[in-house]
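There are 2 protein chains.
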Amino acid sequence: MNRVEDISKNAKAASINALKLSENIKNEALMAISQALINNKDEILEANKLDLIQAEKLLNNNQISQSMYNRLKLDENKLRDMIQGVIDISKLEDPVNKILWEKEIAKGITLKKVSCPIGVIGVIFEARPDVISQISSLAVKSSNAVILKGGAEAINTNGKIFEIISDALTSVKDFPLNMVNLIYSREDVNEMLKADKYIDLIIPRGSNLLVKFIKENTKIPVLGHSDGVCHIFIDEYADIDKAIKICIDAKCQYPSACNSVETILIHKNIKDSVYDKLVDALQVSGVKINLNVEDWHKEYGDKIVSIKIVDSIDEAINHINTYGSGHTDSIITENSENAERFMLYTDSSGVYQNISTRFADGFRYGFGAEVGISTNKTHARGPVGLEGLTIYKYKLYGNGDIVEDFTSGKRQFYK
Amino acid sequence: MNRVEDISKNAKAASINALKLSENIKNEALMAISQALINNKDEILEANKLDLIQAEKLLNNNQISQSMYNRLKLDENKLRDMIQGVIDISKLEDPVNKILWEKEIAKGITLKKVSCPIGVIGVIFEARPDVISQISSLAVKSSNAVILKGGAEAINTNGKIFEIISDALTSVKDFPLNMVNLIYSREDVNEMLKADKYIDLIIPRGSNLLVKFIKENTKIPVLGHSDGVCHIFIDEYADIDKAIKICIDAKCQYPSACNSVETILIHKNIKDSVYDKLVDALQVSGVKINLNVEDWHKEYGDKIVSIKIVDSIDEAINHINTYGSGHTDSIITENSENAERFMLYTDSSGVYQNISTRFADGFRYGFGAEVGISTNKTHARGPVGLEGLTIYKYKLYGNGDIVEDFTSGKRQFYK
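Protein sequences appear in the order of chains A and B.
The first sequence begins at 635 in the numbering used here and counts up by one.
The second sequence begins at 635 in the numbering used here and counts up by one.
I should point out that these hints are in silico values taken from the structure, not numbers from a laboratory.
Note that the structure is predicted; figures quoted are calculated from it, not measured.
Warning: the hint list may mix true and false statements.
If you want the footprint, here are the derived chain A segments under chain B, 3+ residues with CB under 8 angstroms [as the list claims (entries may be wrong)]:
{"no.": "1", "stretch": "713-725"}
{"no.": "2", "stretch": "980-988"}
{"no.": "3", "stretch": "1027-1037"}
Distance windows between CB atoms, simulated [unchecked claim]:
{"no.": "4", "chain 1": "B", "residue 1": "Asp640", "chain 2": "A", "residue 2": "Asn695", "range": "42 to 52 angstroms"}
{"no.": "5", "chain 1": "B", "residue 1": "Gln700", "chain 2": "A", "residue 2": "Tyr818", "range": "51 to 61 angstroms"}
{"no.": "6", "chain 1": "A", "residue 1": "Asn711", "chain 2": "B", "residue 2": "Asp1039", "range": "18 to 28 angstroms"}
{"no.": "7", "chain 1": "A", "residue 1": "Thr956", "chain 2": "B", "residue 2": "Glu971", "range": "50 to 60 angstroms"}
Only pairs whose alpha carbons sit at most 16 angstroms apart, straight line, appear in this in silico EDC-like list of lysine to aspartate or glutamate [what the hints assert, rightly or not]:
{"no.": "8", "chain 1": "A", "residue 1": "Lys876", "chain 2": "A", "residue 2": "Glu968"}
{"no.": "9", "chain 1": "B", "residue 1": "Lys1029", "chain 2": "A", "residue 2": "Glu677"}
{"no.": "10", "chain 1": "A", "residue 1": "Lys876", "chain 2": "B", "residue 2": "Glu1038"}
{"no.": "11", "chain 1": "B", "residue 1": "Lys746", "chain 2": "A", "residue 2": "Asp995"}
{"no.": "12", "chain 1": "A", "residue 1": "Lys879", "chain 2": "B", "residue 2": "Asp1039"}
{"no.": "13", "chain 1": "B", "residue 1": "Lys922", "chain 2": "B", "residue 2": "Asp910"}
Every residue gets a Cβ at the ideal spot worked out from N, C-alpha and C, and that includes glycine.
Here chain A stands alone, though its shape is the one from the complex (with noise of 0.2 angstroms):
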């Protein structure tokens, strides 16, 4: 057995005891982890220093980006950010051992539905590091143990985080060990994928690559998106004002964010009246127009745009459902029947009237906290909170009941 293997076993068995964890205890631990990250803030700054060293070099080798750079960078409000994190995690409600529902199947028969964890999950993310006190504090609220894996530009930093969050976990008594658990390299990554013996979901947050990639290489199953191709479709009976204002938004506010627009369709009714005045607003914010598109579905991830006339929202709709990634796709339009049309056939995770792709957000959607964003068509759809981290089981109560008493009709289920 290799060393991921042994911790992926190790996790399981985790995850078992975890399953008696109380509401109580999870706030408790959680009050740990806030606690320790604030006592050893300077440490965590020092490693991270240590991390930005290698950075500069690479950045200055443009080996990563500025902006990568950036998101590595830990200072004193990121790091009270993240720490605030922790603590809204802990007053969220618990998402576990809720009965979802029950009922009498039968009489003195009694079936309830009750959510619990799903046991052991495998998150692999990129260059930011206060990622692992958010997941690991998403895992400790839902009873699941997790096995985390960070860029290889974190070590410095993950590592120390890790290291306080898993001495605060010890440090309260009957949390179970093994709950959260750091992994370091690709090799790493490659055995972890292989334990679907031990581990029950594997959640990618980072590039398209790195999604694509594990998509490709685990047979456990996958919650992500690999690519935000969002779309806005300005319809003919749009408010031309409201369609500017949103594309601007949608575009601008964050373009390397995957909810942020990638095209933009105007119906050919309407295109007179906005095209000029859209491009012209797009191009005082810095957009560039994409007129010569190759690849409808490509995720721009940055200020370009591309525009396409339509003839008609049905084509609007096929443009979407074929070249989109089936994010997030918004339809500007006052006449609520085309509005409804478009919400049913553009078959997204998210689909929307009158406002920006950009709202596709966890936080935004009021879940109080992200796990990510998915464009599955199981499980979990669109921005994903806690409740996606869980599953149910049915509890069964009887009295010494038997399927041969239903089966010979001697008795009856209730309708």
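Following the hints, put chain B in place on chain A, whose structure we already have.
Relative to the frame of chain A, chain B by itself:
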């Protein structure tokens, strides 16, 4: 593009067209199917005869079992049940376009979580030809396109039933083409397993080997269970009469079912009062006791049971979590604290108190129909009804809203 890829692509297109289907048109389609099956009963029985001729040869050469032959054979009664099944599904609540919840996330911005079909579902099953009409009906009711692959033994019967269903659906005005598809060979299945671009979920219904093969050979999410290694734990606080009655039912009522018991665990403190009685009762019912257990994970699927004496409830739970298949496990006890401990710690789809494991079934749970039983830890677990064929999308309604107003602090989300 090969034939199966072509079928899958067309099914994907059909699934988009199916998003518009109203409850009325779907029920009309189901009525058309049931009427067509009634009208063509004789043709179905004749096609079945062709399969039976082949099957008899295989039976005489011991290449198939008597029970497989029995499952393959249709008669008036089975046909009537099959047709009633279609009618029953038409009466179930429409599982899609249900608003699961809605809330205002900020002034004037409303978020709705709405159930919707998954898309394209591949179903692979063996022998029983009545599965075609059942799965086709479930797909119609849930607005999913489906690709079916039946057992080679039933090729004539399946082909005929498929033809009748296809013709019936074509006769329904505005019902999309290519919603129900049939493929034939093992090579077809291999092609289907590769069509992850078009197919969203695979449901294998059949032997452990079939399910294992499929899980190993596709990137498409698989819903189902390979093993059904169910346990009954007779706690030290068990009512002995209930224990014996339940063990007999769980083993003998239908020994080859996945929810029949394979291992009985007995608390050492109650052994003297229960062991001999239990063994006698089992033997009277023709059950063989396996005293030389080499593989606790084995599913007998026959009138054979393993018995083990355990020192504690925790040893029982640990045994089940180690050797079980996460299907269904029951504790026999009058002690509700022990029952809750068992039901919390046992990591299975169904955890029961004082009731036979044979109750693990969608119809018995009151779902009205069963897609299959899942031991997955994501999407759907336990007996899966129509709801398991759905996912959800988020609809967000705004009025020109942009994220910039929220990040700048000009507007706030509701808490």
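Hint check:
Counting residues of the stretch 713-725 of chain A whose beta carbon lies closer than 8 angstroms to any beta carbon of chain B gives 0, which falls short of the minimum of three for the stated coverage. Remark: the stretch 980-988 of chain A is confirmed as covered by chain B, as 8 of its residues place a Cβ nearer than 8 angstroms to a Cβ of that chain, reaching the required three. With 11 residues having a Cβ less than 8 angstroms from any Cβ of chain B, the stretch 1027-1037 of chain A passes the three-residue criterion, so the hint holds. Distance hint check: the CB atoms of Asp640 (chain B) and Asn695 (chain A) are about 49 angstroms apart, consistent with the given range 42 to 52 angstroms.
At roughly 57 angstroms, the beta-carbon separation of Gln700 (chain B) and Tyr818 (chain A) lies within the given 51 to 61 angstroms, and the hint holds. Between Asn711 (chain A) and Asp1039 (chain B) the beta carbons are some 22 angstroms apart, a value that agrees with the proposed interval 18 to 28 angstroms. Against the hinted window of 50 to 60 angstroms, the Cβ-Cβ separation of Thr956 (chain A) and Glu971 (chain B) comes to about 58 angstroms, which satisfies the hint. Our distance criterion of 16 angstroms between C-alpha atoms is met by Lys876 (chain A) and Glu968 (chain A), whose separation comes to about 10 angstroms.
Restraint check for Lys1029 (chain B) and Glu677 (chain A): not satisfied, since their Cα atoms lie roughly 45 angstroms apart, outside the 16 angstroms limit. Taken as a hint, the Lys876 (chain A) and Glu1038 (chain B) pair is honoured in the structure, with Cα atoms around 14 angstroms apart against an allowance of 16 angstroms. Among the hinted pairs, Lys746 (chain B) with Asp995 (chain A) is consistent with the structure: their alpha-carbon atoms are about 14 angstroms apart, no more than 16 angstroms. The straight-line distance between the Cα atoms of Lys879 (chain A) and Asp1039 (chain B) is roughly 11 angstroms, inside the 16 angstroms bound, and the hint therefore holds.
As the CA atoms of Lys922 (chain B) and Asp910 (chain B) are separated by approximately 14 angstroms, the hinted pair is consistent with the 16 angstroms bound.
Of the numbered hints listed earlier, those contradicted by the structure are 1, 9.
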